[in-house]
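Chemist: In the order they appear, the protein sequences are chains X and V.
With the working numbering as the guide, the letters of the first sequence map in order to residues 264 to 715.
With the working numbering as the guide, the letters of the second sequence map in order to residues 2 to 409.
The set of hints was computed from the structure by calculation and includes no laboratory data.
Just so it is clear, CB atoms sit at the ideal spot from N, CA and C, and this is done for glycine as well.
Be a bit skeptical, because a hint or two may be false.
[What the hints assert, rightly or not] Label-pair distances were calculated between CB atoms; the ranges are: (1) X:Asp312 with V:Ser184: 57 to 63 Å; (2) X:Gln713 with V:Asn294: 54 to 60 Å; (3) X:Arg278 with V:Ser154: 48 to 54 Å; (4) X:Arg278 with V:Ile357: 43 to 49 Å; (5) X:His463 with V:Ile357: 24 to 30 Å; (6) X:Ser414 with V:Ile357: 37 to 43 Å; (7) X:Thr699 with V:Ser272: 49 to 55 Å; (8) V:Val209 with X:Ile511: 49 to 55 Å; (9) X:Gln713 with V:Ser273: 37 to 43 Å; (10) X:Thr699 with V:Cys361: 42 to 48 Å.
[Stated by the list, open to error] What the simulated footprint calls covered on chain X by chain V, stretch by stretch (three residues with Cβ under 8 Å from a Cβ of chain V suffice, anywhere in the stretch; the number is not a length): (11) 433-443; (12) 478-490; (13) 498-508.
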Amino acid sequence: MSIWLDLTTVKKWNRPAVGIVRVETELLRFFLNNQEWKNVKYCTYDKSDFSFNTVEFSEAKEWLHRIDNYGKNQNCDSYKQSQKPLYSLIRQFVRRTNRYLFKGLPEEVKTPLLSYLAQQYDGCTYSLKRKLKSITHSLSTKKDIASKSESITFLPNDIYISVGLDWEYKNMQQLYILKRDFKVKNIFMCYDLIPYLRPHLCVTDVAAFFAKYFSDLAWAAHHVLCISNNSKIDFLNFLDQLNIPHPITSVITLGSDLKKPDFDKINPDIKNLAKDKYILFVSTIERRKNHEVIYRAMTRLVDKGYKNLPKVIFVGMQGWGVAELMTDIKLDHRVHNLFTILNHVNDDELSYLYLNCYFSVYPSLYEGWGLPVGESLSFGKPCIASNTSSLPEVGTEFVEYLDPWNVSEWEEKIREYLDNPELVNRRSEHIKKYYTAPKWTETVNDVLQQIL
Amino acid sequence: MVVHVLMLTTYPIKVPRHGGQIRAFNIKRMYEQNGYKVTLVSVREQDSYVNEYDTYYDIPFANGSCYRRFCGIDVPYITDLQSGEFIVKDKCAWNKMVSICPAHVDVIHLEQPWLYEAAARLKHEKYSNRPVLIYSSQNIENELKKKILCFYSNPMKDQVIERILSLEKTCASEADLTIVVSSYDASVLREYGAKKIILALNGVEDRVVSHEVQLSVKSSLPKEPFALYIASGHPPNATGFFSIFNNSLAFLPPDRKIVVLGGVCDLIRHSSQQRRWKEINASRLSMWGGVTNKELDAIKSLAHVIVLPITSGGGSNLKSAEALRSNSYVLGTTTSFRGFESHSSLPGTYIKDDPIEFQCCLRDLLDASPFVDEELRKKSTEALVWKQCLKDVVIKVDEMVKKNVNMA
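Same shape as in the complex, but just chain X (with noise of 0.2 Å):
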């Protein structure tokens, strides 16, 4: 019996490890550090042939270094506030004639014009980004092929462990013949069911295909990794609704210790920025996330005189349905000095970013897991999160709850915060006292136990 854990996302990831590439890459350095786990084998999937192919080990641990030491040369440019009126014109144009760039242009112009403008403009729009993902992946996958993969045979009893973007690189079905017909235990990953449960929350059409998604993972998988009881139970209703059967299903909890900072990894103007009193909000920026209660909360608290409020500052790309709310906070007088938004930033500097921070927020709509919340409180910072979905399984006693529709609780919450600092710094020892984060390593454990 032999264990493959699929390095797909890892091998094509090209930023800093976010939630779910984090869980491969967490899985993938247990594994390279562990002797005992030295007959782990390493794969990758090709979705354009339906094919797998063997990752050496040297090839695994490169790919790993890369994704850890994401940012390390990057210059001042590696974050940028996104109201650079140049960078919104070009995205604008973007948005609205990438249609007909595609259709228009031959292949050999097409694929570097638009590996040009996402490495430039990195706002494009989620389709965009998904044809150009598409297109670069097949490119290489391509040469890798030609060059030094070799197809795997899998035989009875091997585990497969895919945990990283399956949706996006996975043909589910082709998993599930290989859990029938030659028996072996794929072992996936179920991280939310937002789409299915929140359509209106996603892009457009993503509904129905994750819906899909998540009915063929429920087939393909012997066993899946849920990473919270919220998700495992959206997940098991969401079984029961279209009658799938069910595979055997367990709760793994995520990892929130990120490393102290290295102050020599730490881009100058985010020490800066760190200087003055600051709220952290660290999130994809999307409507889900609900970053317009932050807005608004905070609006209010000007419209109503408070003075000297301190910076808001928002950690992440910018995703999808909140245009509007970036005009809404550029073009706003009363605010537009308050909010800050900072995009790749390494691990290093977000860490910093947390320790620094005098609190956090997580207003979210629905969530599968939460893991800033964790992070924040990892670095003893308190946070103000909503009541929704999992978010009480991460923050249990240490964290505040609040509706997220409500903008007047968080106006007064962000309030009493602001007017008691002795009262955000005996929650903060509290926390250090008495909160344990999870440890990656645990995670990694975790799965293990459970799956073998």
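Position chain V relative to chain X; hints supplied.
Modeler: Only chain V this time, still in chain X's reference frame:
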């Protein structure tokens, strides 16, 4: 003496596709095989049945005709009802009807109630010999329309149902003989006043499957065992499909498919009920739409399971008879086996009314070895061949015609 029969329908039967056409086609053929001379006049929807009608004996009911509206208001799915009003009120149409009907008939065979008023006028105004009036019911139409129209908030729907009920009652009470397709329909029409009732189930035509066609369709069919659903574009066929499958086909493994044939494909494709599940369903459906009879037979011969997810509608489902005569597993509901209750316990035949049980049963059948008791099933379903189903009708009509002639 040669018996002359005038058959009135709301569709041509030159190329019989849907259940109503197939039944009318077989009744006509049965009369002809018995030596009768049959003239079939249809009042058909002008835009339908393209190139599949007889110019002389088919009267077009135009899309823009004012008679398409019920009391001046658009109501969906009632062209059949309105064709009855059209044919007697539109002077041109009525004159054509009168002119193409034979000078002498012994029997007026009314297929479904829609053209009753025309039949009654012809009987009393054109034919002095007072021909035998046969009401050949295919359904309890008012109940069926009620189920269809319940999805629409149309202000006229109650009046429409009332009109159809009244029409059916008149047909039942005025006809000399009423033919029904199920014992349930017999009991309802008896209550409506039918005097003489004869039960003639929907039947099957045994056809030889072309090996060539089988080979050609096989390449486009799923490689894995598949289920087959054959149904026309009659709305209850889609309603049943979505209600039995709970709108989504995710209960099937990713490599299993349902092949769908007939007009129901369009209804399924455009239904808003599957919006959330469209990608799941697209991956598990193989929609063929209309196919030739040869292709239909070939696909049927290769199906692992034939499904009959019918939850509403009266009458008896012609597709059920065909399924029972096939060499596949048959999975249906109590409603789909209406009229064929005595055959529902045949080997390889399953009835599941609960959607979850239906789905689980289908999943299990698609995993089972192919159905093998073909011979036993063939023997047990001899009575389902059209000739057998309609044999009592011929005897009865013969008897009534003779009696009528003697009385005259």
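Chemist: Given a hint of 37 to 43 Å, does the C-beta separation of Ser414 (chain X) and Ile357 (chain V) actually sit inside it?
Modeler: holds (40 Å)
Chemist: Is the listed coverage of the region 433-443 of chain X by chain V valid when you require three or more residues with a beta carbon under 8 Å from a beta carbon of that chain?
Modeler: holds (count 5)
Chemist: Lying within 43 to 49 Å: is that true of the beta-carbon distance Arg278 (chain X) to Ile357 (chain V)?
Modeler: Holds: the Cβ-Cβ distance is about 44 Å, inside 43 to 49 Å.
Chemist: Should the hint that Asp312 (chain X) and Ser184 (chain V) are 57 to 63 Å apart at their CB atoms be regarded as holding?
Modeler: Distance hint for Asp312 (chain X), Ser184 (chain V) holds at roughly 59 Å.
Chemist: A range of 42 to 48 Å was offered for this pair. Does it hold for the Cβ distance of Thr699 (chain X) and Cys361 (chain V)?
Modeler: 45 Å Cβ-Cβ, so the 42 to 48 Å window holds.
Chemist: Confirm or reject the coverage of the region 478-490 of chain X by chain V under the rule of 3 or more residues with a beta carbon closer than 8 Å to the chain's beta carbons.
Modeler: Holds, because 4 residues of the region 478-490 of chain X bring their Cβ atoms closer than 8 Å to Cβ atoms of chain V.
Chemist: Is 49 to 55 Å respected by the C-beta to C-beta distance linking Thr699 (chain X) and Ser272 (chain V)?
Modeler: holds (52 Å)
Chemist: Do the Cβ positions of Val209 (chain V) and Ile511 (chain X) conform to the proposed distance bound of 49 to 55 Å?
Modeler: Taking Cβ atoms as reference, Val209 (chain V) and Ile511 (chain X) lie about 50 Å apart, which means the hint holds.
Chemist: Taking 54 to 60 Å as the hint, is the beta-carbon distance of Gln713 (chain X) and Asn294 (chain V) inside that range?
Modeler: Holds: the Cβ-Cβ distance is about 56 Å, inside 54 to 60 Å.
Chemist: Honestly, do His463 (chain X) and Ile357 (chain V) meet the 24 to 30 Å range at C-beta?
Modeler: holds (28 Å)
Chemist: Please test the hint of 48 to 54 Å on the beta carbon pair from Arg278 (chain X) and Ser154 (chain V).
Modeler: holds (52 Å)
Chemist: Is it true that Gln713 (chain X) and Ser273 (chain V) lie within 37 to 43 Å of each other by Cβ?
Modeler: holds (40 Å)
Comparing the model with each earlier hint shows no violations; every hint is respected.
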